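Colleague: For reference, the chains in residue letters:
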Amino acid sequence: MQQKKNVFDYVIYVFLGAMVVCMLYPFWYLLVASFSDVAKVNASGGMMLWPQGFTLENYKIALGNESVRSGFINSVIIVVVGTALNLFFTTISAYALSRKWLFGRKQLMIFVSITMFVGGGFLPTYLIVRGLGLYNTWFALWLPGLIATWNMIMMRTYFQQMPEALEESAKIDGANDWQVLWHIILPMSKPMLAVMTLFYAVAIWNSWFSAAIFLEDRTLYPLQLVMRDILITQNASSLMSAGEGGSKPEIAKTLKYAVAFIGTAPILIVYPFVQKYFEKGVMLGSLKE
Amino acid sequence: MTRRQIIWLEIKKCKILYMMIAPAVAYYVIFSYLPLVGLTIAFQDFVPGNGFFDGPWVGLENFNKYFSSYYFWRLIKNTFMLSFWSLVWGFPMPIIFALLLNEIRVEWYKRSIQTLSYLPHFVPMVVVCGIIIDATGSDGLVNTFRSMLGAGSPLMFLQEPQFFRSIYVASGIWQEIGWSSIIYLAALTSIDPTLYEAAEVDGAGRIRKMVHITLPCLMPTITVLFILAIGGMMGSDFEKILLLSKPLTYDTSDVISTFVYRKGLQEGDFGFAMAVNIFNMLINLSLVAFANYTAKKSSQGETSLW
Numbered sequence: 001m002q003q004k005k006n007v008f009d010y011v012i013y014v015f016l017g018a019m020v021v022c023m024l025y026p027f028w029y030l031l032v033a034s035f036s037d038v039a040k041v042n043a044s045g046g047m048m049l050w051p052q053g054f055t056l057e058n059y060k061i062a063l064g065n066e067s068v069r070s071g072f073i074n075s076v077i078i079v080v081v082g083t084a085l086n087l088f089f090t091t092i093s094a095y096a097l098s099r100k101w102l103f104g105r106k107q108l109m110i111f112v113s114i115t116m117f118v119g120g121g122f123l124p125t126y127l128i129v130r131g132l133g134l135y136n137t138w139f140a141l142w143l144p145g146l147i148a149t150w151n152m153i154m155m156r157t158y159f160q161q162m163p164e165a166l167e168e169s170a171k172i173d174g175a176n177d178w179q180v181l182w183h184i185i186l187p188m189s190k191p192m193l194a195v196m197t198l199f200y201a202v203a204i205w206n207s208w209f210s211a212a213i214f215l216e217d218r219t220l221y222p223l224q225l226v227m228r229d230i231l232i233t234q235n236a237s238s239l240m241s242a243g244e245g246g247s248k249p250e251i252a253k254t255l256k257y258a259v260a261f262i263g264t265a266p267i268l269i270v271y272p273f274v275q276k277y278f279e280k281g282v283m284l285g286s287l288k289e
Numbered sequence: 001m002t003r004r005q006i007i008w009l010e011i012k013k014c015k016i017l018y019m020m021i022a023p024a025v026a027y028y029v030i031f032s033y034l035p036l037v038g039l040t041i042a043f044q045d046f047v048p049g050n051g052f053f054d055g056p057w058v059g060l061e062n063f064n065k066y067f068s069s070y071y072f073w074r075l076i077k078n079t080f081m082l083s084f085w086s087l088v089w090g091f092p093m094p095i096i097f098a099l100l101l102n103e104i105r106v107e108w109y110k111r112s113i114q115t116l117s118y119l120p121h122f123v124p125m126v127v128v129c130g131i132i133i134d135a136t137g138s139d140g141l142v143n144t145f146r147s148m149l150g151a152g153s154p155l156m157f158l159q160e161p162q163f164f165r166s167i168y169v170a171s172g173i174w175q176e177i178g179w180s181s182i183i184y185l186a187a188l189t190s191i192d193p194t195l196y197e198a199a200e201v202d203g204a205g206r207i208r209k210m211v212h213i214t215l216p217c218l219m220p221t222i223t224v225l226f227i228l229a230i231g232g233m234m235g236s237d238f239e240k241i242l243l244l245s246k247p248l249t250y251d252t253s254d255v256i257s258t259f260v261y262r263k264g265l266q267e268g269d270f271g272f273a274m275a276v277n278i279f280n281m282l283i284n285l286s287l288v289a290f291a292n293y294t295a296k297k298s299s300q301g302e303t304s305l306w
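In the order they appear, the protein sequences are chains A and B.
1 is the number of the first residue of the first sequence in my numbering; add one for each residue after it.
1 is the number of the first residue of the second sequence in my numbering; add one for each residue after it.
The hints are simulated quantities; they were obtained by calculation from the structure and are not laboratory data.
Among the clues, some could well be false.
Said to hold, decoys possible - Only pairs whose alpha carbons sit at most 30 Å apart, straight line, appear in this in silico BS3-like list of lysine-lysine:
1. A:K276 x B:K15
2. B:K12 x A:K171
3. B:K110 x A:K100
4. B:K240 x A:K190
Claimed, not checked - Over the 12 Å line for every Cβ pair with chain A, so calculated as not near, a few chain B residues:
5. W8
6. G38
7. G55
8. F72
9. L87
10. Q162
11. R165
12. V169
13. V211
14. I213
15. I230
16. T252
Everything numeric in this text was worked out from a predicted model, so none of it was measured.
Just so you know, even glycine gets a beta-carbon here, dropped at the ideal spot from N, CA and C.
Chain B extracted, bound-state conformation (with noise of 0.2 Å):
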């Protein structure tokens, strides 16, 4: 049999097989790859109704006209600083919570806490901004504590830039902080007791136990959340800018993502909307190349996400 003949027979083989994937590949080539295509329409002055290469072709006029305008500097830093801030301050959090969650010895008592903090991620998103909403009205509960505290007259903290970060990070740990440590609670169980027996040998405290065995051990599990975070930095929380943000609060609120919805979508200047759009996807590419690369070089090798 030749080589063409044997291939041939491997292929009739798995006929049923490539009966399965092939809606999967249509799926893929449909709306994952397809859209790739989709990007030449950044090189044109694009009419919805087109196809992706009926032009006019404009070259990198789009880039230009992005690259020149007020908004590019303040969509970057408001990208970067949004996913900046949540970073530093969420981060840390579902590690801390889930240490104190391993300090819990009643098992009943930790496995309701644990279950009632993931409620959040589930709740809608509407739901959520809802709540955002009226908690920071001017009749809500922050305002009713402030007043309480005997601040002066109510804050529309929604329609100041100066909250909207504030609001962007602290709402999204309300949400995150449970769901996000479980991964971080099934790495705990996994570390050797005879560990801590040897260090209550050497009379170790409960808070150096903490520090250096539990820590140390959650080590790779923190490094590889890390760089997925980093690589994940240009992307915030799109859904939720889009329903909290205001023009009102444009200069903190507007980001890239937001930005093209309104550009391309609501004013149907796609060709635009998609330079600035391809101009993010580039970062996010380089961000998560990065962070992959630096963990391969911390780790050698053994951590890295391909």
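Isolated chain A (complex conformation) (with noise of 0.2 Å):
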């Protein structure tokens, strides 16, 4: 049904993309601004199109820092084998919840879905956290958000929706829920998946809170958290060694936009491969009833 396009269209084509041009420039500043020269992105006044002299000091500095190195491995540890827990307990609980003979389920559902609307928020669980003896570590990071219940309830509303008669000729064969899951269940799930890795790593890497609340030795700080002290609080005390030359003011001016970007680039990178998949957990989500 195509019909032909009017004054109308165009009014609309041209006021989105202006929309989105304006949404994504601040981000093409920053991009462009790491590449600049400091003096000149300071007289800028935050407009700029193009890189104004043009220099890669601004990565040098911002790699050659202690903290902003560290940070970084710091950050994809973190999220790798954060990631990794949260994936394994999410399937396990999922599976085991979404398996109908399961006696006990309606109850057990009912003990998780009230954890989404009620919760002691961030004060007992610090307290929780330290009583554990988990402070200043990273499992003080992985375990207070190990299971996302939303994210669990998915899972469980997709296993519950694959065709029973593959698990069940595998049961007569001999095969144990382990077994089920892992043979006939996961290969299945690959969509699913996808769509948890990503929550979760984007959620992970973007995390600073838990980490401001539960980390004290600057050694162990994620990245978003050295980003903070650099592009929020402005003082970089957190800077590790001064690096060459400068106070630290000056040198959190030059870094600013190099960190800024190095923080955001990975999701920047793998944006365009699994942005479909987002909009899938999404749509996944909203079945839930």
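Dock chain to chain to rebuild the complex, using the hints, since each chain is given by itself in its own frame.
Modeller: See below:
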């Protein structure tokens, strides 16, 4: 049904196009500024469409900075291990809860669902983490968010919708639940696993608050927390080595855009490949009822 | 066989499933239910290092301290106002965006706009706030525009309380307009095309089709999301406020959750902070319950969260 376009169409096309350009401009500026001479960036008043005085110096300083480097490495480890833990425990509990013959299934579902509506907030969690001796370790980042209830329920719904025939025949051949999950259910759940991996990994990569309250040792800081000190508090007190000359605020100014871009780049790189899964994830979530 | 034996057999059959769910149960007990037990410290003069029941018990003293404090109304007002204005401006935007996007019939153009508009949602909050600080600073983009329009000396937007809400709301729309529209776009694809065809036969133009077909078909989705938004009203974007607020702007930017953070974790006054936190939880729960009740009533029980 191809209709002829009228003025109305073109107004919408131009309007939405302009809107998206405006929405993305701040990120473009970030990128451009990170490759520009600091003095020129400061004089640009936030308006720059192309690098001014192109230089790689900012990245050299950023990557040469001990805090940034260790932050990046820490973040990678935290994301990889954290996502693996999240995925494993989310999957096995979602599988168990998706089996109709599970005795006490309804009660368990209620037990799980209640936590979506009532929670004690970060204060008691903080005390519990301290009480368990997890303070100032990465376990304080991994364990309190081990299972995102919403994700788990999404996954359970997905498992439930799978045909039971395959599983039954495997059971007759003597397979137990671990084998069914591993050899039958999971191979059929690749899109779902992709969505989960992305949701969890992005959430962990972007998170800084739990690190801010649970970590004391600067050598354990993830990148986002290092970035908070450089971009937000701007006193850059967390920069461990002063690097090449200049006071800490000066260094922070130079580092700012390059570091912000380094902290966003992993997401920008995977984004084009995975955005279709993100969408799928939201759709699956909306199938809840 | 007795009933008890039958149950026992049932349970034994699920042995592996119980093994699988056990870590989750432990997780929820420790990190979701135990914190609820931890709420008891609101009734104590709590010292870190104590257990949740060690006392000394002080009754409602912490609550009274909060109710009679200067902060009480300010926190409620700020928390409410930030969410209220986010709802007023932010809620309709994704709907309008989805409706406009729906009018685009060049598929690649539509896809690209959609995909690009999600992007701000995934950018780390720290970077988003860094950008906001940069853009609203004395030599940032906003002040550059102002001076181009002939305004006088640059304004330090994040240091003046009167700008905080606008910055919060506007940046919230920027971050979420694309992502929040997904659910509406999905609902749009499920509208029966014959409805439009019938309307065309009756001579309806595009605007009329939008108003009389598209919008009514979106109504159930809009209702559910509106309930959810009302239910979450007293929970503002904590991380963003924490990153953007300063003592200078606390008159508008200090909300319940940031106050709890400051009193509890930074100043160590756990009992008091927890009392504030409990008060907030109670408001939240009643808002969710109220929203759910209203939706159930208005849709004769068809739309509700539980």
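Colleague: Over 12 Å to the closest beta carbon of chain A is the bar; see if B:W8 clears it.
Modeller: 10 Å, violated
Colleague: Evaluate the condition: distance from the CB of B:F72 to the nearest CB of chain A exceeds 12 Å.
Modeller: Fine: 18 Å to the nearest Cβ keeps B:F72 off the interface.
Colleague: Compute the least Cβ-Cβ separation between B:G55 and chain A, then decide whether it is above 12 Å.
Modeller: 15 Å, holds
Colleague: Grab the minimum beta-carbon distance between B:L87 and chain A and tell me whether it stays above 12 Å.
Modeller: 20 Å, holds
Colleague: Using Cβ atoms and 12 Å as the threshold, tell me whether B:V211 really stays out of contact range of chain A.
Modeller: 14 Å, holds
Colleague: Is B:G38 truly not at the interface, in the sense that its beta carbon sits beyond 12 Å from all beta carbons of chain A?
Modeller: Answer for B:G38: violated, closest chain A Cβ roughly 3 Å.
Colleague: Can you confirm whether the C-alpha distance between B:K110 and A:K100 stays at or below 30 Å?
Modeller: 42 Å, violated
Colleague: Hinted pair, alpha-carbon criterion (30 Å max): B:K240, A:K190. Please report holds or violated.
Modeller: The hint is violated at about 34 Å.
Colleague: Regarding the pair B:K12 and A:K171, is the alpha-carbon distance no greater than 30 Å?
Modeller: 16 Å, holds
Colleague: Next pair to validate is A:K276 with B:K15; report whether the Cα-Cα distance is within 30 Å.
Modeller: The given pair, whose Cα atoms are some 38 Å apart, is violated under the 30 Å limit.
Colleague: At 12 Å, judged by beta carbons, does B:T252 keep clear of chain A as stated?
Modeller: 19 Å, holds
Colleague: Minimum C-beta separation from B:Q162 to chain A exceeding 12 Å: can you confirm that?
Modeller: 21 Å, holds
Of the hints listed earlier, those the structure fails to meet are numbers 1, 3, 4, 5 and 6, in rising order.
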